[in-house]
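Undergrad: Letter by letter, the chains look like this.
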Amino acid sequence: DTGVSQDPRHKITKRGQNVTFRCDPISEHNRLYWYRQTLGQGPEFLTYFQNEAQLEKSRLLSDRFSAERPKGSFSTLEIQRTEQGDSAMYLCASSASQGSPYNEQFFGPGTRLTVL
Amino acid sequence: KQEVTQIPAALSVPEGENLVLNCSFTDSAIYNLQWFRQDPGKGLTSLLLIQSSQREQTSGRLNASLDKSSGRSTLYIAASQPGDSATYLCAGSYNFNKFYFGSGTKLNVKP
Numbered sequence: 001d002t003g004v005s006q007d008p009r010h011k012i013t014k015r016g017q018n019v020t021f022r023c024d025p026i027s028e029h030n031r032l033y034w035y036r037q038t039l040g041q042g043p044e045f046l047t048y049f050q051n052e053a054q055l056e057k058s059r060l061l062s063d064r065f066s067a068e069r070p071k072g073s074f075s076t077l078e079i080q081r082t083e084q085g086d087s088a089m090y091l092c093a094s095s096a097s098q099g100s101p102y103n104e105q106f107f108g109p110g111t112r113l114t115v116l
Numbered sequence: 001k002q003e004v005t006q007i008p009a010a011l012s013v014p015e016g017e018n019l020v021l022n023c024s025f026t027d028s029a030i031y032n033l034q035w036f037r038q039d040p041g042k043g044l045t046s047l048l049l050i051q052s053s054q055r056e057q058t059s060g061r062l063n064a065s066l067d068k069s070s071g072r073s074t075l076y077i078a079a080s081q082p083g084d085s086a087t088y089l090c091a092g093s094y095n096f097n098k099f100y101f102g103s104g105t106k107l108n109v110k111p
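Those sequence lines, one after another, are chains A and B. Residues 1 to 116 in the numbering used here are what the first sequence lists, from first letter to last. Residues 1 to 111 in the numbering used here are what the second sequence lists, from first letter to last.
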């Protein structure tokens, strides 16, 4: 399977703990996105990488959130000092800056975070 | 501020009906419009992407159109089947850096 993969699929943590999620994009895709989705809502943009450069961050991404894509391949999203309001599905997507259709996003299965 | 709205929020139809899902956006300078399907508790599956230079795209029983001047996109599903039951999301982008999503239309196709 050469789709987008995310790990873990589920994470339960206690308030105040730190968590880290990983995303492996489709191998030839140079663009990578993180989104957050709560029940009954569409995904909300968090941050975007082109290769290893983080080019855009949402105001939703407080200083407790940090994302990296160190070698322009996989990415990690870390949440420090988790709060109950962080409970959501965290989705990763990737796309290519070349080819057709141009910039079509492909999503991973998501990581469901529950903060107790 | 770019906003994407989807109407209706939920739709229930008998099997075999043709149906239309609507998506509207506030900024007509849209670059891409992409339709997705999401099954409960799962990630998003890409259905169709329409670039700004295009007016429609077709895949099997699905047809998506884009009218930038009116700020609207529609997803047409022909001969609906129970397996089409899912939430359908549209998302627009104005550059390559982010997509703005609607809240989705939850479709139930009854056997």
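Don't take each hint at face value.
[To be verified] Pairs of lysine-lysine residues, derived as BS3-like cross-links and limited to a Cα-Cα distance of at most 30 Å, are as follows:
(1) A:K11 to B:K110
(2) A:K71 to A:K57
(3) A:K11 to B:K42
(4) A:K11 to A:K71
(5) B:K68 to B:K106
(6) A:K57 to B:K110
(7) A:K57 to A:K14
(8) A:K71 to B:K110
(9) A:K11 to B:K68
(10) B:K110 to A:K14
(11) A:K11 to A:K57
(12) B:K110 to B:K42
(13) B:K42 to B:K106
By construction, these hints were calculated from the structure, which means they are not laboratory data. Since the structure is predicted, the reported quantities are computational estimates derived from the model, not experimental observations.
Undergrad: Now tell me if each hint is right for this structure.
TA: Consistency of the hints with the structure:
Of the pairs offered as hints, the one joining K11 of chain A and K110 of chain B is violated, with about 34 Å between alpha carbons and a cut-off of 30 Å exceeded. For the proposed pair K71 of chain A and K57 of chain A, the alpha carbon gap of about 19 Å is at most 30 Å, so the pair holds. For the given pair, K11 of chain A sits about 15 Å from K42 of chain B by alpha-carbon distance, which is consistent with the 30 Å threshold. A C-alpha spacing of about 25 Å is found between K11 of chain A and K71 of chain A, which places the hinted pair at or below 30 Å, so the restraint holds.
For the hint pairing K68 of chain B with K106 of chain B, the CA-to-CA distance comes to about 24 Å; that is within 30 Å, so the pair holds. For a cut-off of 30 Å, the pair hint linking K57 of chain A to K110 of chain B is broken: about 41 Å separates their Cα positions. Between K57 of chain A and K14 of chain A, the direct Cα distance comes to roughly 26 Å. Compliance with the 30 Å bound is thereby established for this hinted pair. Between K71 of chain A and K110 of chain B the alpha-carbon distance is near 48 Å, which puts this suggested pair outside the 30 Å criterion.
For the suggested pair K11 of chain A and K68 of chain B, the alpha carbons sit about 41 Å apart, so the restraint of at most 30 Å is broken. In summary, the hint linking K110 of chain B to K14 of chain A is not supported, as the alpha carbons are separated by about 41 Å, beyond the 30 Å threshold. In summary, the hint linking K11 of chain A to K57 of chain A is supported, as the alpha carbons are separated by about 23 Å, within the 30 Å threshold. Restraint check: the Cα-Cα separation between K110 of chain B and K42 of chain B comes to about 21 Å, which is no more than 30 Å; the hinted pair holds.
With a C-alpha separation of about 14 Å, the suggested pair K42 of chain B and K106 of chain B falls inside the 30 Å cut-off, and the hint holds.
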